[in-house]
Amino acid sequence: MSQLAPDIIAATMNYLRVAMADQFNVTATNQGVWSDAASANTYPYAVVQAPSENYDLSSNDPETGFKNFVIADGMLNILIYANDSALAYSLSRQMVIAMDFNQSSGQLDSDMGTITDVIPIGNAAMPPVDESGTLGPVVYRRFLTFGYKQEFYL
Amino acid sequence: MAATQSRTGRWGSVSVNATVCNITKWTAKPRKEFADSTDSGGYDAVTTQVFTSQKPGATGLDGTIEGNYDFGGSTDSAFTQLFLTDGPYTVVLAFSPTTNFATFPADFSDVEYSVSVPGATMITFTANFKSNGKPTYV
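In the order they appear, the protein sequences are chains Y and G.
The first sequence begins at 1 in this note's numbering and counts up by one.
The second sequence begins at 1 in this note's numbering and counts up by one.
Hints are computed from structural coordinates only; laboratory data are not their basis.
Some clues are possibly wrong.
[Stated by the list, open to error] Over 12 angstroms on every C-beta distance to chain G, these chain Y residues come out as not near it, computed from the model: (1) ASN30; (2) ASN60; (3) PHE69; (4) ILE71; (5) ASP84; (6) TYR89; (7) SER90; (8) ILE97; (9) PRO127.
[What the hints assert, rightly or not] Label pairs and their calculated CB-CB ranges: (10) Y:ALA38 with G:ASN22: 43 to 51 angstroms; (11) G:TYR69 with Y:ALA86: 47 to 55 angstroms; (12) Y:GLN3 with G:SER109: 48 to 56 angstroms; (13) Y:TYR153 with G:GLN49: 37 to 45 angstroms; (14) G:ALA18 with Y:ALA86: 41 to 49 angstroms; (15) G:PHE34 with Y:ALA98: 47 to 55 angstroms; (16) Y:ILE119 with G:VAL20: 17 to 25 angstroms; (17) G:ILE123 with Y:ARG93: 21 to 29 angstroms; (18) G:GLN49 with Y:SER52: 51 to 59 angstroms; (19) G:ALA45 with Y:LYS67: 41 to 49 angstroms; (20) G:THR99 with Y:TYR55: 43 to 51 angstroms.
Glycine is no exception: its CB is placed at the ideal position from the N, C-alpha and C atoms.
Full structure from sequences and hints, please.
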């Protein structure tokens, strides 16, 4: 049994580095998908964030202790950075498709819990960033939003 | 790590007469009729109270199938025909591609279509069914 990632951010990075290796030019020296933009060194790249979770509680087997079974209703954001507007859009749509899992695939499971579903919610363009300062916008960004449900015990 | 115990409904499905429908929701309510029964077994000598009891009667399965009206499809558009033509029809309700909830013969007791101009919302249908015979629960 393979070792699980510590959390859904790491699990998503691990998954996308394989599933979209060609699109993000993943190599030994360029991982392509990060949790921090500062780690990136070439376009295009993606950054995974998990900004929020809401929790629903249900009961657990009392014999295992009075602990609640929790379903986390979470949000997963993935930002895509590219130096071409059409490429950014194309990558964003490909990522929506790549993030469609069979519910029991286990691909985004982590030490924090079991993922029961990941659903696409939104895909938005963010204002281009003028990195050169002289030749106009050169970095185009897409902002993807996914919802996920994750199970764990308190 | 917790063992998976719950599911979302995202992978649920419905088929009618072996044709898969494009749905947005299904609901099902197994029901059983009971007749009130009072006999000496319901009498408690300590409290001198008589407690209610009942005897089981007929059982069945009711529910609804909802979806977006499919102008290019067959099954979604055919619910009107399923309503007009007497069944029963074989209905399969599934929690997921690998787990069914029930398979049963059913009649469609009414079909409701919804067309809303403000907001340009989707044209939808809601078909109510009633089992006609023995359901097989998984």
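We went through each hint and held it up to the structure:
| no. | hint | result |
| --- | --- | --- |
| 1 | ASN30 | 31 angstroms, holds |
| 2 | ASN60 | 9 angstroms, violated |
| 3 | PHE69 | 7 angstroms, violated |
| 4 | ILE71 | 6 angstroms, violated |
| 5 | ASP84 | 33 angstroms, holds |
| 6 | TYR89 | 24 angstroms, holds |
| 7 | SER90 | 25 angstroms, holds |
| 8 | ILE97 | 15 angstroms, holds |
| 9 | PRO127 | 29 angstroms, holds |
| 10 | Y:ALA38 with G:ASN22: 43 to 51 angstroms | 45 angstroms, holds |
| 11 | G:TYR69 with Y:ALA86: 47 to 55 angstroms | 34 angstroms, violated |
| 12 | Y:GLN3 with G:SER109: 48 to 56 angstroms | 54 angstroms, holds |
| 13 | Y:TYR153 with G:GLN49: 37 to 45 angstroms | 42 angstroms, holds |
| 14 | G:ALA18 with Y:ALA86: 41 to 49 angstroms | 43 angstroms, holds |
| 15 | G:PHE34 with Y:ALA98: 47 to 55 angstroms | 52 angstroms, holds |
| 16 | Y:ILE119 with G:VAL20: 17 to 25 angstroms | 21 angstroms, holds |
| 17 | G:ILE123 with Y:ARG93: 21 to 29 angstroms | 26 angstroms, holds |
| 18 | G:GLN49 with Y:SER52: 51 to 59 angstroms | 53 angstroms, holds |
| 19 | G:ALA45 with Y:LYS67: 41 to 49 angstroms | 43 angstroms, holds |
| 20 | G:THR99 with Y:TYR55: 43 to 51 angstroms | 26 angstroms, violated |
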